[in-house]
Amino acid sequence: MSWNRRHLLTLEELSLDELNQIHSTATAFKKILTRSVKKVPALRGKTIVNLFLEPSTRTRMAFDMAAKRLSADVISLDAKTSSTTKGESLRDTAQNIEALQADMIVVRHSAPGSPLYLSKILGIPVINAGDGAHEHPTQGLLDTFTMRERIGDLKGRRVVILGDILYSRVARSNIQALIKFGADVTLCGPSTLVPHRFESFGVKVSHNLREALHDAEVVMLLRIQHERQNAGMFPSIGEYTSMFGLNQERAAWLHPDAIIMHPGPINRGVEIDSELADGPRSVILDQVTNGIAVRMAVLYLCSGGQPEYVTSSAA
Amino acid sequence: MPSLWIKNARVIDPANKRDAVGELFVKNGLIVDSLSAAEKKKAKVIDADGLVACPGLVDIHVHFREPGQTHKENIATGSHCAAAGGFTTVVCMPNTSPPASNTGTIQFIKDAIKRDAVVKVLPTGCITVDMKGEKLASIGSLAKAGVVAITDDGDCVQSNELMRRACEYAKMFDLPLMDHCQDHSMTVGAVMNEGEVSARLGLRGWPNAAEDLIVARNIILATYTGAHIHLQHISSANSVELIRRAKSRGVSISAEATPHHIALTDDCIETYDPKFKMNPPLRTAADRDAIIEGLRDGSIDIVATDHAPHTDYEKDQEFDYAPNGILGLETSLAVTLDVLVRKHRFRLPKVIDLMTRKPAELMKLPAGTLSVGAAADICLFDPKEEWTYDAKAGFSKSSNSPWHGETLRGRVKTTIVDGKVIYDGKTVKKRG
Ligand SMILES: [Zn+2]
Chain A
1 MSWNRRHLLT
11 LEELSLDELN
21 QIHSTATAFK
31 KILTRSVKKV
41 PALRGKTIVN
51 LFLEPSTRTR
61 MAFDMAAKRL
71 SADVISLDAK
81 TSSTTKGESL
91 RDTAQNIEAL
101 QADMIVVRHS
111 APGSPLYLSK
121 ILGIPVINAG
131 DGAHEHPTQG
141 LLDTFTMRER
151 IGDLKGRRVV
161 ILGDILYSRV
171 ARSNIQALIK
181 FGADVTLCGP
191 STLVPHRFES
201 FGVKVSHNLR
211 EALHDAEVVM
221 LLRIQHERQN
231 AGMFPSIGEY
241 TSMFGLNQER
251 AAWLHPDAII
261 MHPGPINRGV
271 EIDSELADGP
281 RSVILDQVTN
291 GIAVRMAVLY
301 LCSGGQPEYV
311 TSSAA
Chain B
1001 MPSLWIKNAR
1011 VIDPANKRDA
1021 VGELFVKNGL
1031 IVDSLSAAEK
1041 KKAKVIDADG
1051 LVACPGLVDI
1061 HVHFREPGQT
1071 HKENIATGSH
1081 CAAAGGFTTV
1091 VCMPNTSPPA
1101 SNTGTIQFIK
1111 DAIKRDAVVK
1121 VLPTGCITVD
1131 MKGEKLASIG
1141 SLAKAGVVAI
1151 TDDGDCVQSN
1161 ELMRRACEYA
1171 KMFDLPLMDH
1181 CQDHSMTVGA
1191 VMNEGEVSAR
1201 LGLRGWPNAA
1211 EDLIVARNII
1221 LATYTGAHIH
1231 LQHISSANSV
1241 ELIRRAKSRG
1251 VSISAEATPH
1261 HIALTDDCIE
1271 TYDPKFKMNP
1281 PLRTAADRDA
1291 IIEGLRDGSI
1301 DIVATDHAPH
1311 TDYEKDQEFD
1321 YAPNGILGLE
1331 TSLAVTLDVL
1341 VRKHRFRLPK
1351 VIDLMTRKPA
1361 ELMKLPAGTL
1371 SVGAAADICL
1381 FDPKEEWTYD
1391 AKAGFSKSSN
1401 SPWHGETLRG
1411 RVKTTIVDGK
1421 VIYDGKTVKK
1431 RG
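The listed protein sequences correspond, in order, to chains A and B.
Numbering-wise (my numbering), the first sequence opens with residue 1 and increments by one.
Numbering-wise (my numbering), the second sequence opens with residue 1001 and increments by one.
Pulled out of the complex, with its shape left as it was, chain B reads as follows (with noise of 0.2 Å):
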């Protein structure tokens, strides 16, 4: 493998708070300090002029339907849309088929991750058995086989007593808890948020207050049990509050808010489009504005897609019976970065901050630095470039998304894994 010189970028490494322009070298897949003249000369050159150069950008939340419903995505290529969206790593939730609820499942998919995957893709396992929600799954051996976090994501423990024992029993292993929060009773038929506009379109509304209860009742449990709970896709301005002031109080939870939270409201629903179908679902401008305000003061901590791969045609029926969720690999940082940079103003370096360092750090991967002896994850982008984003031509599975067809700002143009260029703004670089 050929050590890289990349030039004349803009380098944000907020783990080394790092901003400036220069240049990175990489030897044997690592990060390192510089190339003897030697090197230089052997060595690949990357001119990234005019370009950011920052950690390989770091989800923890993502969906790639293997085992089970590969017709709409697999760990292959669920892990080129990564590349392709900058990202060199991933966690994957074991809502699959089955649920990622015992080793032998854990096993399929390391094993798929081994052979197919191009970036780093990191399991997760359920909390209850087969995502029941009615008895413990073998957290201890889950956490054996390697799993990253515990989560029933797509549904929430709606046991308090289960849950509180969940939280008591992962602590032994150290491993954080994450959860959608939603108490079912109340969302019961609901396709959309609650509000003005499911009153006029006549659609079942989801409360905010089903996420508000369960986020108040995982901040008793990560109070009470001492455990770390990671609250998934915040999207209500409530939840934001109960978490700011939790967290002022030192209780050891954490938050993400999804692109689509932070840019879109439930307004995009007038014309039932299935393309804005989300669970949680998007909610007002003011909830939107409060997650922002949230992810500005730490209150949320990260941004993470929920990268949720439908078929054409299962997102293509009534708006009641389309299934939830949206592609968000590809799109996330230009639509980051339009929200928080462009129109609230964040400043770059704090926006890698949230899709790097700080998501690496909730689940303890060896990820999101650019730290002499770290592994050269890279991600190089065009900060301005305009580009169209076409779901179709992309390299999901699915086109399920709302940003298809529209004109994005800000551009992936090198995805670098171990030192290894795997997506060079066209074309990823499969495996072997």
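Here chain A stands alone, though its shape is the one from the complex (with noise of 0.2 Å):
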């Protein structure tokens, strides 16, 4: 086993081989999480910059954690700090951050493709927080390590995505992963935002809650916005909620061992009713908790770390 890439820009990209060095790399650094001293030096002397160029809170804040936990040294910008909103363009401030000695960026933007052009200008390994609605490959990591350690192999087993697909970096990342994990997927939701199209991926589309959630393991729900109401993709909130909303008679069609996944932030009674969301079902704090050490394999492997090694000194 070893880790050849420098940058973590896609899903898409990854072979299923990469994806189990990174899902065991993160259950060793899991452990590590849940010592007294929950820090290692692998960073130590690295300078980590989060160009958040799009807001983000839980993300960034998963990145920075990780970063700290490796030891690595973290510098954050925001759209607001950062000087593109004086007009600087993303060539001019990326060739800043790397002039500045940065080892590593991580960036976070609302321009799809924008991490694989950071890619192409910068020599430092460039790892994509989730780029417009093309890719959240960290977030596709975390949940199928979420789905890994709860239900097992995810080989032939049914998993819903349900909800904004459209416009969903999360979901486009983890379609990429299960797919390669072999798990049978079904994108349900409004047909607006749950195209046919889709179907090219290698999912099955469905309009039909119930029978996409008969006998499922793993629902995963995605964040509805009004934004979309208000763009005319569907009615209304209320008529969402009554038509896909998660409730308890309908989480009583899933399997019974299925597990509830949410990538946050929830609306509550919109896509998911509180008591299922803070119910025994529910792995979404799970999903955060293992958000960083999945992030902290991906900055450690980018940064030239192997898996072996980790693998074998957190044993």
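These are computed hints drawn from the structure, not numbers from a lab.
Note that the structure is a prediction, hence the values are computed from the model and not measured.
Glycine included, each C-beta is placed from N, C-alpha and C at the ideal position.
Do not rely on the hints blindly, as some may be mistaken.
Taking CB as the label site, the calculated pair distances span [claimed, not checked]:
#1 A/K204 / B/A1285: 24 to 30 Å
#2 B/A1285 / A/A79: 37 to 43 Å
#3 A/E239 / B/S1138: 32 to 38 Å
#4 A/M243 / B/R1342: 35 to 41 Å
#5 A/H226 / B/G1146: 48 to 54 Å
#6 A/K204 / B/D1390: 55 to 61 Å
#7 A/P265 / B/V1129: 44 to 50 Å
#8 B/R1409 / A/V288: 45 to 51 Å
#9 B/V1129 / A/N4: 34 to 40 Å
Using the supplied hints, reconstruct the complex from the two chains, each of which is provided in its own coordinate frame.
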């Protein structure tokens, strides 16, 4: 087993073997997180820049935490502090960051493909922390990590992704990973947000919630945004909830051991009822914790670390 | 000015149904039947063995960015690109800054053309004031000032009522309307074709339905008003079919296809490279093939480039933010020959017709023919020569081309305007 990538841009480009390498490295790092001293020196002396040109709290905090657990120095730039608001191009901003001797850059941007663009300009590793509606690879990694932790091997297991698929980078990254793990994926939601052309990914598309949820072992909910309603993608939040919101009654359609996931932040009472979000089937907070371990693995591997080293030293 | 005696060329002149190896004679800037023995002695002889001689190419859709954005291109450099591409007559779009919606701007453009252009550049005017789509521009005055058509290209008149009135009004001056067919309400934030590729890349899609709707609207308005509407850069298979059926009913519409829409598909966007970003966007292989069939059966009348220069730093951005458009003039002939002649078995004279006689006829321009008495606007090209296109070494101020660094086949060797060689395969002769 060896890791040969400098960047993490998409899950589409990763092989099954690479997904497994990240997951096993994350497993080892997760053990570290339960120790009293939750820190390893793996990236001591390295500087990681979090360039978040689109607002994000959770992902940025998780990357921040992951970098610090690896003893790296972290600098965070957001849309307000970066010069892009003053009209500076992304190329110039990125080249400045490199000239400041950063060792790695984590980028969140509303424009799909921008991490790929940066990877062509810069000589340092680029980690995609979400590019528009394209991909959010670390989220896909932490989600599938959480699923495997809870239900084991994903081959042939029924996974439903429910909600706004069209605009969701989380959905795209999850689809890419789940397909490689051999899961049986169904996308569900209103036809405006879940167009049939997603079948080209090798997944099923259904607009019938009951059929989709029937016997599923994982249901992953995506956040519904008011903005889509204003754009005419569905009539109202109320109608969305009445058609596709997950409640106790509908959760009964799932497999008895099914888990409920959500990348957050949750709209309680919209895509999911509160008692389900806090209930025993919910793994929403596990996702958050696993997000740190997975991001530690990604930062570690892309900065040149090898999976064997950490898996043996953490054991 | 010396007379010209072009020998041994394969002369292809669709306007006169001529396709044979022979000679061409030019005297006083005009095509003539022959030269006297004395004139032949003094004439400049061009041995065009192995070359095709055809009318200078005609492009009715170019953006020369003057006034206002001359850092991208100006009428001088744009006309140099045209010359290097074998074009002798081009029609420039009015989406300049300010837009060409009044006679003052048209006069400014005409002055620049007179001063700087090496080929024949003809202006168009806007349909609406400042291309805002709100009220009609002074179309009559624009006609008087010499525009050959009106268009809000780059934009599309959204109001059906306003477009209807534009048709009625422009018809009074026998002025064709050209329209960039795009329903804005369906393309908010859209940067590429809506389809499987956009779904995967997470880029906002521009559905072909947004083009088809306006094509249908324009067919209805052309039928209703009797005005001539020319549909610019058609990109969708459904549009081709709509146009085909309208033409079979005799509706006064025409349509163009660009070299990029017949050569490329939305698969090219895989790496988010803005050199493949244009409006309308590259679509699917099925759309591309339908446009080619449209050119074959006449549903699509002509090839036009939509030459749209942007600087490197403007194109070198996130795909979402990069401007739409690519260069076209210097690669148009080679790309079109490659797609239509080599890949789709069009006859060469047919392709020359799509790029000379037909566009001239659509815009009623005195061009696109080698008839005796016509202006001696001639293109000589080698249909077989392979060459590597270096956009940075080209004649444009910009270099935004998907064919930069590609090997193309078919190369312009000489461009002649009014009997004068303005491009010799290497350099463009500046005016004066
Ligand atoms: Zn246009």
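These are the hints, each one checked on the structure:
{"no.": "1", "hint": "A/K204 / B/A1285: 24 to 30 Å", "result": "25 Å, holds"}
{"no.": "2", "hint": "B/A1285 / A/A79: 37 to 43 Å", "result": "39 Å, holds"}
{"no.": "3", "hint": "A/E239 / B/S1138: 32 to 38 Å", "result": "49 Å, violated"}
{"no.": "4", "hint": "A/M243 / B/R1342: 35 to 41 Å", "result": "53 Å, violated"}
{"no.": "5", "hint": "A/H226 / B/G1146: 48 to 54 Å", "result": "52 Å, holds"}
{"no.": "6", "hint": "A/K204 / B/D1390: 55 to 61 Å", "result": "48 Å, violated"}
{"no.": "7", "hint": "A/P265 / B/V1129: 44 to 50 Å", "result": "47 Å, holds"}
{"no.": "8", "hint": "B/R1409 / A/V288: 45 to 51 Å", "result": "58 Å, violated"}
{"no.": "9", "hint": "B/V1129 / A/N4: 34 to 40 Å", "result": "59 Å, violated"}
Figure legend: structure checked against the earlier numbered hints; hints not met, in rising order: 3, 4, 6, 8, 9.
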